[in-house]
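Protein chains: 2
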Amino acid sequence: MSSTNTILTQLTTTPKEKPTVEQLGFGKHFTDHMFMMDYTIEQGWHNARIIPYQPISLDPSAMIFHYGQSVFEGMKAYKTPAGDVQLFRPERNFKRLNISNDRLCIPAIDEQFALDALKQLLSIDKDWIPSEPGTSLYIRPYTFATEPFLGVAPAKSYHFIIIMSPVGAYYSEGINPVKILVEKQYVRAVVGGTGEAKTGGNYANGLKAQEIASKEGYSQILWLDGKENRYIEEVGSMNIFFKINGKVITPALNGSILAGITRDSMLHLLKSKNIDVEERRITIDEVVQAYEEGILEEAFGTGTAAVISPIGQLKWQDTELTVNDGQIGEVTQMLYDTLTGIQNGTVEDSFGWIVKL
Amino acid sequence: MSSTNTILTQLTTTPKEKPTVEQLGFGKHFTDHMFMMDYTIEQGWHNARIIPYQPISLDPSAMIFHYGQSVFEGMKAYKTPAGDVQLFRPERNFKRLNISNDRLCIPAIDEQFALDALKQLLSIDKDWIPSEPGTSLYIRPYTFATEPFLGVAPAKSYHFIIIMSPVGAYYSEGINPVKILVEKQYVRAVVGGTGEAKTGGNYANGLKAQEIASKEGYSQILWLDGKENRYIEEVGSMNIFFKINGKVITPALNGSILAGITRDSMLHLLKSKNIDVEERRITIDEVVQAYEEGILEEAFGTGTAAVISPIGQLKWQDTELTVNDGQIGEVTQMLYDTLTGIQNGTVEDSFGWIVKL
Ligand SMILES: Cc1ncc(COP(=O)(O)O)c(C=O)c1O
Ligand SMILES: Cc1ncc(COP(=O)(O)O)c(C=O)c1O
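Just so you know, the protein sequences line up as chains A and B, in that order. Counted from 1, the first sequence has number 330 at position 330 by the UniProt record's numbering; the numbering is strictly sequential. Counted from 1, the second sequence has number 212 at position 212 by the UniProt record's numbering; the numbering is strictly sequential.
One or more hints might be untrue.
Quick partial rundown of chain B residues pointing at chain A, CB under 8 Å, derived from the structure [to be verified]:
hint : residue
1    : Phe72
2    : Val187
3    : Thr199
4    : Tyr203
5    : Thr319
6    : Glu320
7    : Thr322
Hints in this document: simulated from the structure, not taken from any laboratory. Ideal Cβ positions, reconstructed from N, Cα and C, are used throughout, including at glycine.
Only chain A is shown next, with the shape it has when bound in the complex (with noise of 0.2 Å):
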């Protein structure tokens, strides 16, 4: 499909009431349009549509339900004080769809033609953008199997969709340091898995450590690797970064861990903040003896949804390490107040991370 494809476009007869910013949360209000097109091998992707907020009807065979072939992206928009709309970074985000689509045998789609499709989905619905602080709307594009079979190969149809929702801070905590788990039980991913992939069945599988460890008060699981269940990969939705004796550290991309944008976002303002930081393989052990030495000085996580969530309390096994004293850290508040000035359109952007609609 080419970029130059146009749009059909039917607009709502019957929108619906906005949220007021108390209403907002996470996820739950739509807006009034829909961004839809469907892959067939016989047409590729095609009837590219932008049409009113509907149900989805599916054969009950529909692949989706079945075989979980599946992925999806998440990036935000955001009003800035001058009532201007912009986006982060979101070529970013189609590119690693299609990343996702490859490592779950779905057809890419065209980059370059889903940006375009969302800045109209956006120009129909920008009332729906909430303007107060932490707000923004979050754009959720996904792609499933509708081929309606029974049997275990890569679909024959799909549907690529966006939909998009106007949200207020992602914890309810607002950016308080949060308490987490690190899991010794279940694995999230492997290395020849789908770590790398945002695809549904890595959150599905996350559930059940999730449900205990909040059944034990901690908000978020800090995984390890499948192999040898020692090296830190990413907590929860996010990556995961430790400033140890000054030094900034994450884990590499190794393959099972998500390339988070927000990850990559936050490693070029540590270097233009002349911040050491070093993207490597680090064990729990490390972070536990770093954290006994007296030198683990903060750590964070960081995802589109929260932008940063400082770690006030890690628990790894019997041992409870808290971080700076559970309060956030001076390098988490500078990158949280940093990135967030320059996607609210406060802060100037020097890296041309930012796209006007």
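Once you have looked at the hints, place chain B with the ligands on chain A.
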């Protein structure tokens, strides 16, 4: 939900034309009716109903499209020469469905109620069960998350559905021995993951390796373990058995392998025939060594769809192992004849496996 709950039944007024034996294939045609019930936190499983086979309508934010929370089962109903309808160990499938449900944080179903529901559905659609040799009615119970919400957490609402498909032979080649590629790069499952559950993500994960293998002329992948990449796990959607020097060996259930019902039945059949059988860890190196010593006598996969699939050739790195001159082995043939005989009602069931309608 108690098993005395009634099931509302609404029969179709437009029955479909049934496929001929030639048209059957696998998983392409579906019977006139389906069973369905819904789960909410407030009501538990409720609204059990048999309705005409029809599309399912879901909000675009329904969690199944995003976070992969789904499980399924596969079993068969057979028509005996006398015209009776029978199921093979169906209680095992509903038990395993609940094991999968538990791993995926999906609320358990009442197994006895589900079996009763299936029997009612079967009695309504019994004319759809083909009776030609090798044919059967494939039954697909499945559960998935329906809550309209973006956020990684167990859903608050689900569908449980049973659909049924008249099928011919799973492998178009019949029971001819197949060529299998031993996978060294991709990993299906790792201990601590979801390998033991029948959930969509496991199958989506496997597509990439399967696609590569099939381009090279192999019909399935033999998976090795995710930690050390040397222990044999399973093959495609089947468990695997080797006959080495007179002894039958199958990988022990270790948490990352599906506990196949056909596998369990084969173990019982082998013991009843006084054939030595071992469930234990077995490396690919041991199989290669047995081949080189000339004592790799038979190899086969087992599963509901194919019952048995003899393996004629295994490829591991640069070594090609031809098993039993590419012919079906004696024990493989005996197991196939006995088990399909019991399932079709032509061999006496001394195990209590058959459940008559
Ligand atoms: C598993 C996982 N890791 C990390 C991230 C962070 O990625 P990003 O910064 O692109 O949002 C996400 C998603 O948001 C995720 O789902
Ligand atoms: C991954 C996997 N292994 C093994 C099997 C065999 O299980 P069963 O004999 O119960 O059909 C199946 C399914 O049928 C499967 O999907």
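Okay, the hints, checked on the actual structure:
Among the interface hints, the one on Phe72(B) holds; its C-beta lies about 5 Å from the nearest C-beta in chain A, closer than the 8 Å criterion. For Val187(B), the shortest C-beta to C-beta distance to chain A is roughly 3 Å, which falls under 8 Å, so the interface hint holds. Because the smallest distance between the Cβ of Thr199(B) and any Cβ of chain A comes to about 6 Å, under 8 Å, the interface hint for this residue holds. Annotation: Tyr203(B) was flagged as interfacial toward chain A, and the flag holds, the nearest CB pair being 4 Å apart, inside 8 Å.
Interface hint at Thr319(B): violated, since its Cβ lies 20 Å from the closest Cβ of chain A, which is beyond the 8 Å cut-off. Contact between Glu320(B) and chain A, as hinted, is not supported at the beta carbon level, the nearest pair being about 23 Å apart and thus beyond 8 Å. Nearest Cβ of chain A to the Cβ of Thr322(B): about 26 Å, over the 8 Å cut. The hint is violated.
Hints 5, 6 and 7 from the list above are not met by this structure, while the remaining hints are.
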